[in-house]
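Enquirer: Each chain is listed here by its residues.
Protein chains: 2
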Amino acid sequence: MKLYGYWRSTTSFRVRIALNLKGVSYETIPVDLVAGEQRAPDYVALNPGKGVPTLILEDGRVLTQSLAIIDYLDATIPEPPFLPEDPFERARVQAAAHTIAMDIHPVNNLRVTAHLKSRYGLAAEDGIEWFRHWMTEGFHAYQALLPANTTFSFGDKPDLADICLVAQLYNAHRWGVDMAPFDRLLEIEERAFTLPAFDAARPENQPDAS
Amino acid sequence: MKLYGYWRSTTSFRVRIALNLKGVSYETIPVDLVAGEQRAPDYVALNPGKGVPTLILEDGRVLTQSLAIIDYLDATIPEPPFLPEDPFERARVQAAAHTIAMDIHPVNNLRVTAHLKSRYGLAAEDGIEWFRHWMTEGFHAYQALLPANTTFSFGDKPDLADICLVAQLYNAHRWGVDMAPFDRLLEIEERAFTLPAFDAARPENQPDAS
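Line order of the protein sequences matches chains A and B.
Position one of the first sequence corresponds to residue 1 (full-length UniProt numbering), numbered consecutively onward.
Position one of the second sequence corresponds to residue 1 (full-length UniProt numbering), numbered consecutively onward.
Warning: the hint list may mix true and false statements.
Which copy? The list can't say, so a pair holds if one copy fits it or any two copies do.
Each computed DMTMM-like pair below joins lysine to aspartate or glutamate, with the alpha-carbon atoms no more than 25 Å apart [as the list claims (entries may be wrong)]:
hint: 1; residue 1: K50; residue 2: D178
hint: 2; residue 1: K117; residue 2: E129
hint: 3; residue 1: K117; residue 2: D59
hint: 4; residue 1: K22; residue 2: E89
hint: 5; residue 1: K22; residue 2: D86
hint: 6; residue 1: K117; residue 2: D183
hint: 7; residue 1: K117; residue 2: E137
Keep in mind that the hints were calculated from the coordinates and are not lab data.
Note that this is a predicted model, so its numbers are computed, not measured.
With the rest of the complex left out, here is chain A (with noise of 0.2 Å):
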């Protein structure tokens, strides 16, 4: 397979995770989006939202938006699975995993804030202001999603609420969220980075890191 993304996208980091627990091996292909890649006529005929990631199949087929390729992956490849059998503790996990996938990440899309300071003249510093706030508010929501006495935010094993959650915290660290309430959200970020799919999947370890 082929993923095309860039290396700072959480959404692309997601995938990435996702590709490696599975034991998928694929090639990168960067999308410079400080660039303006992404609205390349060539990738949006790829990508008609003009987003990372965007996945091609072996056969050529092409998935967009990183938690429907996530659920190809998930429903293709069953082992390890990235959600409970239970409907009940899927939608959970589910629930948990849009409340950053949703609730987060979107608002702080690199478009929003581009979009922010162009048209409305935000400051260098709002913006940063703007990705603290809403990281802040998500983060406590998905916080109090989580049962109690887990090593990972459902269970003792990744699925797609950490996915998602150890994507997001790359963005946490790098604009200077404080962390000091999320003391159980770090906990799950280093046991995490420990397994060699998550490692291997940080942005700094990518083609295109500069």
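For this one, chain A is given, so just place chain B on it according to the hints.
Expert: Quick look at chain B alone, frame taken from chain A:
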């Protein structure tokens, strides 16, 4: 079941459509987002994300996040299915659904525009322009993801993508998005509202509509 929601919330609208399509009768418990009821401690105990919807199952268990709730309904009540069985087709429908649920809706969420106004001084008309901008971008992407010659988004029956689309179109009309480029989306909407499940879920048909 009991559904905590708000008549104009598009995520509540999604879950109402899903409940109706699955033939689930439910009680509506209004949460007045404009009055800030989503931040009341009793409600936050149910929904730490301080959002709607929240679904209370018959046995009292609680689910949050609209797409996680819809996944639960689809897993426990198989007919009619909201996603195709084939993993690739399933991921394609989800990608379109997420184009709305991740790329449009979170950025246009009431809490985001309220924060833009209170913290950064955006004027009311800037807020409307903000809504229109993200919907226009997202609808172009959504429309480009659709296969040719379907009556609903991906086939001849409504699925998860249609649920997200129809709910979002309510906001598009409300905020005056120029729909000229989106004839196909309007045709899907018109077809959907011929179905009682969609029609009964309309914001104006809810007990808290004003």
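Enquirer: Against this structure, judge whether each hint is valid.
Expert: Now for the hints, and whether the structure bears them out:
Taking identical chains as interchangeable, the C-alpha atoms of K50 and D178 lie at most 25 Å apart only when they sit on different chains, with a minimum of 21 Å there against 31 Å within one chain. In this homomeric assembly, K117 and E129 come within 25 Å of each other (Cα to Cα) both inside a single copy, at 13 Å, and across copies, at 15 Å. Proximity of K117 to D59 under the C-alpha cut-off of 25 Å is found in neither arrangement, the shortest distances being 41 Å within a copy and 48 Å between copies. Both within a single protomer and between protomers do K22 and E89 lie at most 25 Å apart by alpha-carbon distance, with minima of 21 Å and 20 Å respectively.
For a Cα distance limit of 25 Å, the shortest separation of K22 from D86 qualifies both inside one copy, at 21 Å, and across copies, at 19 Å. When the C-alpha separation of K117 and D183 is checked against a cutoff of 25 Å, the pair qualifies neither within a copy, at 32 Å, nor between copies, at 32 Å. Taking the shortest Cα distances, K117 and E137 sit within 25 Å of each other both inside one copy (22 Å) and across copies (18 Å).
Of the numbered hints stated above, those contradicted by the structure are hints 3 and 6, listed in ascending order.
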